[in-house]
Amino acid sequence: MSQQNSDVLPHAAAGSVGLIEPQVHHFDTPLELECGRTLPTYDLVYETYGTLNSDASNAVLICHALSGHHHAAGYHRPDDKRPGWWDTCIGPGKVIDTDRFFVVSLNNLGGCHGSTGPASINPETGQPWGPDFPMMTVKDWVNSQARLADVLGIQRWAAVIGGSMGGMQALQWSIDYPERLSHAVVIAAAPKLSAQNIAFNEVARQSILTDPNFHGGRYYLHDTYPRQGLILARMVGHITYLSDDAMRMKFGRDLRAGRFHFGFDVEFQVESYLRHQGEVFSRNFDANTYLLMTKALDYFDPAREFDHSLEQALAKPSCNFLVMSFTSDWRFAPERSREIVNGLVHAGRNVSYAEIDTPKGHDAFLLDIPEYTKLFGAYMHRVANEVENSANETENRTEHGEAGNHA
Amino acid sequence: MRDDLQLISDWIPRNATLLDLGCGDGTLLAHLKAHKQTAGYGLEINQDNLAACFEKGVNVLEQDLDGGLGNFQDHRFDYVVMTQALQAVLRPDQILNEMVRVGREAIITFPNFGHWKVRAYLGLKGRMPVSSALPYEWYNTPNIHLCTVQDFETHCRKHGIRILERQVINRNHRTSMLSKWWPNLFGEIAIYRVTV
Numbered sequence: 001m002s003q004q005n006s007d008v009l010p011h012a013a014a015g016s017v018g019l020i021e022p023q024v025h026h027f028d029t030p031l032e033l034e035c036g037r038t039l040p041t042y043d044l045v046y047e048t049y050g051t052l053n054s055d056a057s058n059a060v061l062i063c064h065a066l067s068g069h070h071h072a073a074g075y076h077r078p079d080d081k082r083p084g085w086w087d088t089c090i091g092p093g094k095v096i097d098t099d100r101f102f103v104v105s106l107n108n109l110g111g112c113h114g115s116t117g118p119a120s121i122n123p124e125t126g127q128p129w130g131p132d133f134p135m136m137t138v139k140d141w142v143n144s145q146a147r148l149a150d151v152l153g154i155q156r157w158a159a160v161i162g163g164s165m166g167g168m169q170a171l172q173w174s175i176d177y178p179e180r181l182s183h184a185v186v187i188a189a190a191p192k193l194s195a196q197n198i199a200f201n202e203v204a205r206q207s208i209l210t211d212p213n214f215h216g217g218r219y220y221l222h223d224t225y226p227r228q229g230l231i232l233a234r235m236v237g238h239i240t241y242l243s244d245d246a247m248r249m250k251f252g253r254d255l256r257a258g259r260f261h262f263g264f265d266v267e268f269q270v271e272s273y274l275r276h277q278g279e280v281f282s283r284n285f286d287a288n289t290y291l292l293m294t295k296a297l298d299y300f301d302p303a304r305e306f307d308h309s310l311e312q313a314l315a316k317p318s319c320n321f322l323v324m325s326f327t328s329d330w331r332f333a334p335e336r337s338r339e340i341v342n343g344l345v346h347a348g349r350n351v352s353y354a355e356i357d358t359p360k361g362h363d364a365f366l367l368d369i370p371e372y373t374k375l376f377g378a379y380m381h382r383v384a385n386e387v388e389n390s391a392n393e394t395e396n397r398t399e400h401g402e403a404g405n406h407a
Numbered sequence: 408m409r410d411d412l413q414l415i416s417d418w419i420p421r422n423a424t425l426l427d428l429g430c431g432d433g434t435l436l437a438h439l440k441a442h443k444q445t446a447g448y449g450l451e452i453n454q455d456n457l458a459a460c461f462e463k464g465v466n467v468l469e470q471d472l473d474g475g476l477g478n479f480q481d482h483r484f485d486y487v488v489m490t491q492a493l494q495a496v497l498r499p500d501q502i503l504n505e506m507v508r509v510g511r512e513a514i515i516t517f518p519n520f521g522h523w524k525v526r527a528y529l530g531l532k533g534r535m536p537v538s539s540a541l542p543y544e545w546y547n548t549p550n551i552h553l554c555t556v557q558d559f560e561t562h563c564r565k566h567g568i569r570i571l572e573r574q575v576i577n578r579n580h581r582t583s584m585l586s587k588w589w590p591n592l593f594g595e596i597a598i599y600r601v602t603v
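Chains as they are written, first to last, in this note's numbering: chain A, 1 to 407; chain B, 408 to 603.
Hint data in this document are derived by calculation from the structure and do not stem from the laboratory. Predicted model only: the values in this text are computed from it and were never measured. Where a beta carbon is used, it is the ideal one built from N, C-alpha and C, also for glycine. Possibly wrong hints are sitting among the right ones.
[As the list claims (entries may be wrong)] Computed, partial: chain A to chain B, Cβ under 7 Å:
(1) Arg77
(2) Asn350
(3) Tyr353
(4) Ala354
(5) Glu355
(6) Glu371
(7) Thr373
(8) Leu375
(9) Ala378
(10) Tyr379
(11) Arg382
Please build the complete structure, drawing on both the sequences and the hints.
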């Protein structure tokens with residue numbers, strides 16, 4: 001049996017959505033942006049898992065975090081080493097159960113994984129957009145996601161779900177399109193960035209902006225890219241994704257060679273890990289996208305339009321909220337999630353909140369932590385039940401209607 | 408549903424807003440939502456209970472009562488309910504004050520330590536009482552601030568908390584003549600509706 005199991009390719013294993021083909025939709029209707037500029041045309045790349053039901057009521061939108069993209073679950077090729085970034089949560093029988101939900105996951109505008117972004121060709125110049133690509137905000141992303149929903153025939157999401165920056169998009173959805181979602185799931189997020197959060201983002205940006213290979217963001221034309229800057233940006237970012245405890249448990253003060261070398265080469269395991277993370281990231285991520293996404297984070301502050309009152313900003317949403325945080329997350333600590341919860345309670349909204357006890361830090365939202373999986377799963381179970389019950393009711397009503405006609 | 412919860416739900420009018428401290432698996436909130444169209448939240452720290460509330464579609468917030476209710480405005484709710492948890496919090500006096508600040512009225516239930524069986528257990532056996540209402544041993548009990556009907560009423564009098572209604576029930580959740588006349592001796596569970 002175990003022999004057989006190990007022969008099963010990961011994409012064919014139970015719990016996997018299997019092999020996935022990303023799709024691209026081209027939009028010709030100009031998108032007006034918060035910065036005052038307009039994106040005349042654009043592409044959005046997305047993936048879907050599961051089947052949309054007949055009344056399109058079982059759709060769930062996944063919003064990605066800073067370095068995320070559309071590939072949230074399953075595999076692109078049979079020999080892919082890793083599945084999508086949220087494969088722990090999305091699949092048949094998993095928390096976001098693709099046997100019950102139709103899951104949509106896209107790459108945000110300004111991204112570097114297939115949706116229009118700084119590395120795309122600006123139709124006006126025939127050159128890559130580079131630094132001329134308009135600045136994006138969470139609001140702009142939500143607007144573009146609403147257009148994707150239109151294309152897919154989804155009038156109302158059963159749930160909009162996201163962690164970190166993705167949670168901010170879910171929150172923005174509830175404010176900007178209150179009639180278009182039933183549940184917002186906001187995980188490890190904050191109602192706005194703190195000065196410390198912005199400070200870390202600024203260090204990351206400066207490391208990119210001051211890389212000699214950055215060329216004012218036009219590195220595409222110089223056949224190079226700010227590799228060192230990206231590595232540094234990711235290293236500093238990564239520190240904020242882990243907790244002190246997580247680092248202690250993972251690396252402690254372990255030395256790679258078991259003794260001091262009295263030099264500046266990699267000696268401690270944690271140094272090696274961070275450099276590796278930075279290097280892998282720099283090969284797969286566009287520097288201009290990183291700049292743009294960190295700015296979008298900095299700008300996020302839905303209360304700003306409402307006299308800086310989160311309560312007022314949250315007066316409009318009619319959906320139900322699930323807010324979750326992780327005890328050791330210091331990037332967006334539980335207190336930040338509780339700000340969202342308090343805003344929702346003051347506004348009289350339906351909200352549930354759970355604080356998951358884990359040493360894993362901010363990255364915990366991506367991991368399979370039993371307590372997290374149980375609570376998140378219980379909530380999504382309820383969402384799926386609501387969808388299926390209301391579909392049954394509609395069916396019953398139709399049947400009764402017909403019976404009445406016969407009589 | 409537990410009889411004390413049934414009693415409480417009889418006290419709560421339609422469309423009331425409520426906060427249930429230590430709401431357990433959300434039974435009371437779900438019942439009131441379905442039958443009285445109430446709105447509100449439960450506070451809970453047990454993960455299994457949180458999951459049960461999520462499944463039921465009851466609003467529940469993970470929040471430790473010992474941290475107070477500072478995140479809720481004055482008179483935010485019509486009722487703040489706390490069933491069988493007063494004796495388990497660090498400072499029952501402070502949580503009581505918080506309950507009557509956040510709610511227009513508060514509903515509290517607790518096991519009466521003045522019941523004759525409890526007295527007899529301690530008096531005759533000389534050991535910490537164990538009963539169906541108090542099923543723990545002295546070393547593992549979460550009930551760290553047990554009180555009697557008289558203790559509670561004295562406390563309320565001293566601190567300007569007005570008792571609007573009182574019910575004492577026995578093990579079978581019934582009110583008897585005896586418990587009406589001598590609640591501190593014959594009531595096993597005390598249920599109060601109070602305000603300031």
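Now for the hints, and whether the structure bears them out:
1. Arg77: 37 Å, violated
2. Asn350: 5 Å, holds
3. Tyr353: Since the shortest Cβ distance to chain B is 4 Å, the answer is holds.
4. Ala354: 5 Å, holds
5. Glu355: 5 Å, holds
6. Glu371: Nearest chain B Cβ about 6 Å off; hint holds.
7. Thr373: Interface hint status for A/Thr373: violated (10 Å vs cutoff 7 Å).
8. Leu375: 5 Å, holds
9. Ala378: Holds, about 4 Å.
10. Tyr379: 4 Å, holds
11. Arg382: The hint holds - A/Arg382 has a Cβ within 7 Å of chain B, the shortest such distance being about 5 Å.
When each numbered hint is compared with the structure, violations occur for hints 1, 7.
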